[in-house]
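Q: So the chains spell out like this:
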Amino acid sequence: MATAVQPVEKTNYLNADYGIKSWLLTTDHKRIALLYLASVTFFFFIGGFFAMLIRLELLTPAGDLMQADTYNKVFTMHGVIMVFFFLIPSIPAVLGNFLVPIMVGAKDLAFPKINLASWYLYMIGGGLTLYGLINGGLDTGWTFYTPFSTTYSNTNVSIVAIGVFINGFSSIFTGLNFIVTIHRMRAPGLTWSRLPLFLWAHYATAVIMVLGTPVIAITLLLVAAERLLHLGIFDAKLGGDPLLFQHLFWFYSHPAVYIMILPAMGVISELVTCFSRKRVFGYNFVALASIGIAVIGFLVWAHHMFVAGISVYAAMVFSFLSYLVAIPSAIKVFNWTATLYKGSIRFDTPMLYVFGFIGLFTIGGMTGLFLAALGLDVHVTDTYFVVAHFHYIMVGGAIMGYLGGLHFWWPKITGRMYPESWAKLSALLVFVGFNLTFFPQFVVGFLGMPRRYHAYPPEYQILNILSTAGASVLAIGYIFPMIYFAWSLRYGKKAPANPWNAAGLEWTIPSPPSTFNFDETPVVTWEAYNYDEIEETQEAEVVG
Amino acid sequence: MSEHIVSPKIYVSVFLALLVFTGLTYSIALINLGPFNAIVAITIAMIKSLLVILFFMHVKYSPKMTKVSIISGFFFLLILLGLSMTDYISRPWAGSFSKAAQQDTQQR
Amino acid sequence: MSDSQTAVHVLKHHFRDMEQQNETASFGMWLFLVTEIMFFGGLFCAYLIYRVLYFDSFAAASSTIDVKWGAINTAVLICSSLTMAMAVHSAALGKRKALVGFLVLTIILGGVFLGIKGKEYYDKFEENHVPGSNYHFIVEPELAHKFHAIDPAKTEIFFSLYFIMTGLHATHMVVGFGLLLWLIIASMKGKFSPGYYSPVEMVGLYWHFVDIVWIWLFPLLYLISRHH
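Just so you know, the sequences run in chain order B, Y and C. If you read the first sequence in our numbering, its first letter stands for residue 1, the second for the next number, and so on. If you read the second sequence in our numbering, its first letter stands for residue 545, the second for the next number, and so on. If you read the third sequence in our numbering, its first letter stands for residue 653, the second for the next number, and so on.
Treat the hints as calculated values from the structure; they're not laboratory data. Keep in mind that this is a model prediction, so the values were computed, not measured. Hints may be right or wrong, so weigh each one.
[To be verified] Under the rule of at most 30 Å between Cα atoms (straight-line distance), these lysine-lysine pairs were calculated in the DSS-like manner: (1) B/Lys21 x C/Lys664; (2) C/Lys664 x Y/Lys604; (3) C/Lys664 x Y/Lys611; (4) B/Lys113 x C/Lys664.
Could you put the whole structure together from the sequences, leaning on the hints where they help?
A: Shown next as structure tokens:
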């Protein structure tokens with residue numbers, strides 16, 4: 001590859017227009033994806049800051065770093081920010097926004113202005129939530145349980161509830177856009193069964209966003225209405241049922257966890273095929289499993305309420321349904337593993353995240369089954385066992401999927417390669433740091449340490465120290481990509497159109513793409529992941 | 545955009561039907577039908593909704609995806625209502641909880 | 653030929669033709685209405701549960717709302733749905749005057765609805781049935797005779813739901829007002845034609861949806877138990 005002659009830089013979506021207005025008023029889905037990347041990263045580090053405070057407090061058994069009330073605020077803000085302002089938007093709003101139109105062969109999403117509106121709603125909701133944080137915080141837990149949130153808490157419940165409410169519409173707009181785009185804007189020849197699994201995953205995610213988010217919206221509105229207008233739906237003094245809140249809250253918040261994991265699964269499908277140089281095993285099953293997860297995911301919410309006071313008969317129904325939802329997830333894990341079999345495996349950074357995901361998601365998912373068992377749940381509910389379970393899925397699963405995807409598509413998005421050695425090191429730090437942080441939490445939770453407590457019996461200290469040590473390593477693993485991704489924007493090797501020699505429409509256009517993606521609408525006549533047909537004409541360019 | 549133009553005659557007929565059903569729902573509410581009052585009221589509301597959806601909102605002449613979307617919306621709403629009710633309906637059953645708590649809930 | 657001229661004028665760059673653009677707009681609006689079904693649905697879930705748990709209190713509270721106004725308002729909204737449907741019809745046929753006329757009628761009827769709602773709210777305020785520190789539900793003898801297990805505290809839950817559900821509905825109507833006003837101005841400027849009237853149709857869908865919500869609110873809030 002000659003580098004002596006520098007060609008004139010072609011116009012792409014990044015240099016097509018300059019100035020802050022061209023970014024803040026853009027309707028280009030790729031620029032909006034970058035707006036989201038910046039803001040989502042910002043909130044991630046705020047949420048991470050609160051995580052650091054939690055782990056620092058838990059280094060010692062005594063509640064000596066902060067008072068109990070302050071600790072309540074710290075874990076609440078960690079949860080609110082991470083769930084609503086990082087995990088739920090991350091992959092869909094960053095990678096989804098960037099890739100969905102390109103993968104269907106379109107020039108943009110169905111509703112570009114609504115796409116921009118969704119980012120502004122995210123920023124307004126996030127701003128309001130940050131204001132609530134600075135104004136004294138929130139101490140109800142990210143779950144806003146009544147009647148504490150409606151009657152007794154004297155922190156910024158209404159402000160944060162409204163902030164999350166507004167952010168919910170950001171999610172709804174994104175989901176709506178994806179569904180319509182995937183249905184109506186596919187290029188000629190691109191039938192449903194030729195779609196990359198990334199799109200199936202985002203379609204299922206979008207369905208959940210559209211159907212579930214409005215319910216938490218109205219629920220939080222009710223909490224704010226009760227506090228501000230004294231319209232007491234949940235007021236226990238009037239006969240309000242605290243469980244009604246929980247039913248309404250978890251009707252969304254359980255499917256919400258599938259909003260977090262399905263896109264990551266979509267990423268994994270893309271990565272595992274590229275780095276095994278193979279078609280995915282059982283395409284139809286993986287595609288339908290995404291839909292299955294979305295649908296069954298709506299039927300299981302009360303497994304968060306087993307000990308809250310629901311009837312034992314309802315608990316049995318929800319327990320059974322919760323076992324069912326594990327099936328499509330397991331199908332996916334099996335199929336990705338089978339894709340590896342007899343594949344030509346390459347251990348580039350994205351693939352490291354794939355391996356991390358498959359192992360950690362499996363552990364997280366299986367421990368979910370433990371929790372779905374009524375008898376066992378009575379013992380481990382509200383302990384660190386639960387905390388470990390959901391962090392395995394959300395961090396070991398979703399965030400690894402996010403990082404793997406960011407690395408994989410970074411050359412496409414920015415036109416630059418990241419430094420591979422640093423990236424591999426970071427992936428290793430993330431994996432080691434993650435396990436050191438959260439595996440001890442399974443143990444200490446099973447031994448009985450409750451969650452959301454800033455003090456604990458001294459016999460749990462060793463495990464907590466391990467956990468905090470792990471968190472420090474994990475933090476470094478997250479900070480390094482921040483640095484080298486930024487570095488790569490200026491100094492990274494210029495990326496070709498298809499550095500991974502991957503299948504997919506996005507790799508047929510330049511890196512970075514032009515504003516309207518395709519000069520000519522592609523006509524798709526091939527199956528997804530047609531790696532057996534792709535000629536090895538170009539060595540994958542990876543900076544070693 | 546449905547190219548099918550619905551004739552004003554159909555609109556007026558639907559309009560009249562809606563008024564009739566409204567009168568019906570009010571009149572029947574004045575009669576004691578026990579548990580059937582609720583069932584009749586809901587049935588009439590469903591018929592009225594269907595008339596508005598099919599004719600005023602042109603769904604009768606709309607693509608299949610429109611119908612699928614609407615049905616999905618109502619289906620998942622029914623899930624929310626139905627599965628939540630499994631909890632409330634079964635709370636007073638034997639073995640669910642104490643007698644004292646049972647006395648708090650009203651059943652009709 | 654002027655139709656296709658207007659059409660080319662408004663075809664957005666990422667669509668291949670007007671048919672795709674219109675179908676997309678319609679699908680998007682329907683998905684938004686699905687979110688509205690779930691949004692109001694949460695309130696219907698709360699209503700259902702509390703009605704089952706506290707039936708007597710709910711029925712008693714419902715009996716104190718004046719049915720007459722609710723029934724009139726139902727008729728008013730049904731009329732407004734007719735005028736809205738006729739507005740869309742006029743737009744499809746390119747009848748500009750009729751379009752504007754029907755849109756204006758729709759707004760007027762919507763205004764009547766909100767006026768009556770305001771009067772109903774005022775009545776409730778006078779009776780101290782607005783939840784809050786001034787709430788006071790008096791159990792009239794004929795109510796106590798009919799419903800044996802009335803708990804005034806639980807009637808406050810009914811009225812909380814009443815105000816939230818009708819309030820959210822009214823808020824949607826106010827938004828509808830804004831949309832109708834925008835449509836009236838745009839149609840007076842001649843922006844719509846048989847080749848392009850998608851916004852009229854979309855607002856129509858929204859307006860009909862708001863009508864459907866009321867179709868459910870009326871029996872559920874006003875007619876829980878009205879027989880003697």
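Q: Keeping to a limit of 30 Å between CA atoms, is the pair of C/Lys664 and Y/Lys604 held or broken?
A: At roughly 28 Å apart (the allowed maximum being 30 Å), Y/Lys604 and C/Lys664 satisfy the hint.
Q: Tell me if the straight-line CA distance from B/Lys113 to C/Lys664 falls inside 30 Å.
A: 11 Å, holds
Q: Given the hinted pair C/Lys664 and Y/Lys611, is their alpha-carbon gap at most 30 Å?
A: Holds: C/Lys664 and Y/Lys611 sit about 26 Å apart, inside 30 Å.
Q: Under the criterion that the straight-line Cα-Cα distance not exceed 30 Å, is the pair B/Lys21, C/Lys664 satisfied?
A: 21 Å, holds
In the structure shown, no violation is registered for any of the earlier numbered hints.
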